[in-house]
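Quick note, the sequences are listed as chains S and Y, same order.
The opening position of the first sequence corresponds to residue 1 in our numbering, with each subsequent residue numbered one higher.
The opening position of the second sequence corresponds to residue 1 in our numbering, with each subsequent residue numbered one higher.
None of these hints come from the bench; they were simulated from the model.
Some hints could be false.
Note that identical chains are pooled: a pair holds if it fits in a single copy or bridges any two copies.
[Stated by the list, open to error] Using 16 angstroms as the maximum straight-line C-alpha spacing, the simulated EDC-like pairs for lysine to aspartate or glutamate come out as follows:
| hint | residue 1 | residue 2 |
| --- | --- | --- |
| 1 | Lys3 | Asp307 |
| 2 | Lys138 | Glu247 |
| 3 | Lys138 | Asp29 |
| 4 | Lys84 | Asp119 |
| 5 | Lys289 | Asp307 |
| 6 | Lys84 | Glu74 |
| 7 | Lys238 | Glu74 |
| 8 | Lys84 | Asp175 |
| 9 | Lys3 | Asp263 |
| 10 | Lys246 | Asp271 |
| 11 | Lys83 | Asp271 |
| 12 | Lys3 | Asp29 |
| 13 | Lys246 | Glu296 |
| 14 | Lys138 | Asp151 |
| 15 | Lys243 | Glu276 |
| 16 | Lys83 | Glu112 |
| 17 | Lys3 | Asp175 |
2 protein chains.
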Amino acid sequence: MAKDRVLALSGGVGGAKLALGLGRVLPGDALTIVANTGDDFQHLGLSISPDLDTLLYTLGGLDNSATGWGQRDETWNFMTALKKLGGEAWFQLGDRDLATHVERTRRLAAGEPLSSIIDNFRNRFGIAARILPMSDDKVRTRVKTVEGWLDFQDYFVRQQCRPAISDITFAGAADATMLPGFRDALTDNSLRAIIVCPSNPFISIEPILAVPGVRSAIREAEVPVIAISPIIGGQAVKGPTAKMMKELGIEASAAAVARRYGDLIDAYVVDHADAESCANLGMTIVPAKALMETIEDREALARIALDAADQVMAAA
Amino acid sequence: MAKDRVLALSGGVGGAKLALGLGRVLPGDALTIVANTGDDFQHLGLSISPDLDTLLYTLGGLDNSATGWGQRDETWNFMTALKKLGGEAWFQLGDRDLATHVERTRRLAAGEPLSSIIDNFRNRFGIAARILPMSDDKVRTRVKTVEGWLDFQDYFVRQQCRPAISDITFAGAADATMLPGFRDALTDNSLRAIIVCPSNPFISIEPILAVPGVRSAIREAEVPVIAISPIIGGQAVKGPTAKMMKELGIEASAAAVARRYGDLIDAYVVDHADAESCANLGMTIVPAKALMETIEDREALARIALDAADQVMAAA
């Protein structure tokens, strides 16, 4: 059987860029993306799934490249009117984006699982790749700061990552059930590679890995696992990864991310600038241009990750 | 004590036009408007109060004179995005309007009464008049048609009043508690007049009158009750009033509306065209230009209604 299916683990913006590249270089429906739902939260009575939505908008060609989140050509009349009513305005909800949250919330309240709703949305957006939440159960990332434990969006958006963090937890993860479609993708005999997208390891990838059975299913899949570094030359491309690493007492480096994943990964794609510092990690290091500025960059990095997987497999 | 307070009973568009006129010709906070909530409904998980919102937008200067509902300078990107997701699109929710529904729904879910939320909204909109729901309890207008009993918005918006109706009910009315502020306004010694706005009697005014204690409190107030006809020359200015009257076996006329209100009202303001047909109703008839095309028309009709009340009082 041809090994033609690819499974990607992804958070939001950075992960979605590579996921888009993978979707463009892979045939048809070969790609399955599993998204972090630890960032999900309730706001204004609405169920919001930031990473799933960033993937939907990015792969659906609706993403806002200026902000990195939300939809392009967005308008903000809802927010303006909400402020006038004294509503909570710290989390920006665009007029178009709001439809995703209202419709998801309505369907969840009617008893439909999140995975089913997202699958319907991605079909409506004309996305060939499958997009799955890691679980239909509630997992909520919380961070410990000097102000105590904070819900993730409170820390991430309301406080803009200002409080120094000392710990992270994924509330509900221990009791969550890995999405059956996620398990099926990992046990599929035609699985070619598992790609860990260049997302924040602590708040985007580790919530996925925290769901019982995920780590073991990845190991048992016996397919190459390729991670792409979210850190380039000691800096995160976007977001608080480097700041969080320092606060957690971890060196903000591509090598430190690889050590965090440990023997879960077989090869590690890093920027040329980080190749030397990653040389002695005991895994295959693939230097590349890791900064994805253009659509061609995304496709090129996707091809490099897939080639790395094929080389690992050929060497096995 | 000076009799300087006025209580108006109102539905949506037509009632709100006169309520705006009353608010403009009365000093400061002399006006209290009690709105029908029988049209309220749940849609997309949101709590929507069409008549309260039309009053808020009209008196807040935010109304859309082209549609008669919703806000001016509205945008529709939420609806466009919702349709793309396959959401229910039969009830139009503008991007600005949506903030009212989301914030109301959030606050209701947090346990705040509707009356408190609306009072806060009208303050934020800079409206001097008080705007009250008839009750904080749920009352839902339903209409009997050849297709069976329909929820009001299903009949009114989704089916655009097409099915012929044979009966109307106000579910929950018998168990609803009249809003204390409504009762207080009726027992206020300084009450000068009760104005029944030119709203649909069957679906806008009668739900208010169906709340236990309202009719008796109006009678016991012993202040002039002045109604303004919503029918001009056998036609409703807007909406299905005339059509509904015919289907219910009631002549579509200004006189028939007055007979419906019966001895609850002391004087009846009708269009000049209807003065003759209303001559023998056994109540004071005040001919006027009943069609409110301009803001001056609204103020003039408000003054005529208030003068009629004062004349009834002087004659008593």
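Each hint, compared with the structure:
Proximity of Lys3 to Asp307 under the C-alpha cut-off of 16 angstroms is restricted to the intra-copy arrangement: shortest distance 13 angstroms within a copy versus 87 angstroms between copies. In this assembly of identical chains, Lys138 and Glu247 lie within 16 angstroms of each other by CA distance neither inside one copy nor across copies; the values are 27 angstroms within and 52 angstroms between. For the homomeric pair Lys138 and Asp29, neither the shortest alpha-carbon distance inside one copy (27 angstroms) nor that between copies (49 angstroms) is at most 16 angstroms. Only between protomers do Lys84 and Asp119 lie at most 16 angstroms apart by alpha-carbon distance; the minimum there is 14 angstroms, versus 36 angstroms within a single protomer.
In this homomeric assembly, Lys289 and Asp307 come within 16 angstroms of each other (Cα to Cα) only inside a single copy, at 15 angstroms, whereas the closest approach across copies is 81 angstroms. Proximity of Lys84 and Glu74 under a CA criterion of 16 angstroms is satisfied inter-copy only: 15 angstroms between copies versus 19 angstroms inside one chain copy. For a Cα distance limit of 16 angstroms, the shortest separation of Lys238 from Glu74 qualifies neither inside one copy, at 21 angstroms, nor across copies, at 35 angstroms. Taking the closest pair of Cα atoms, Lys84 and Asp175 never come within 16 angstroms of each other, the shortest separation being 41 angstroms inside a single copy and 34 angstroms across copies.
Taking the closest pair of Cα atoms, Lys3 and Asp263 never come within 16 angstroms of each other, the shortest separation being 23 angstroms inside a single copy and 84 angstroms across copies. Taking identical chains as interchangeable, the C-alpha atoms of Lys246 and Asp271 are never at most 16 angstroms apart, the minima being 20 angstroms within one chain and 77 angstroms between chains. Taking CA atoms no more than 16 angstroms apart as the test, Lys83 paired with Asp271 passes in neither setting, with 43 angstroms inside one copy and 42 angstroms between copies. In this assembly of identical chains, Lys3 and Asp29 lie within 16 angstroms of each other by CA distance solely inside one copy; the values are 13 angstroms within and 75 angstroms between copies.
In the homo-oligomer, the alpha carbons of Lys246 and Glu296 never lie at most 16 angstroms apart, since the shortest distance is 32 angstroms inside one protomer and 68 angstroms across protomers. When the C-alpha separation of Lys138 and Asp151 is checked against a cutoff of 16 angstroms, the pair qualifies only within one copy, where the shortest distance is 13 angstroms, while the shortest distance between copies is 35 angstroms. With identical chains, the CA atoms of Lys243 and Glu276 are never at most 16 angstroms apart, being 22 angstroms at best within one copy and 82 angstroms at best between copies. For a Cα distance limit of 16 angstroms, the shortest separation of Lys83 from Glu112 qualifies neither inside one copy, at 31 angstroms, nor across copies, at 19 angstroms.
Proximity of Lys3 to Asp175 under the C-alpha cut-off of 16 angstroms is found in neither arrangement, the shortest distances being 33 angstroms within a copy and 66 angstroms between copies.
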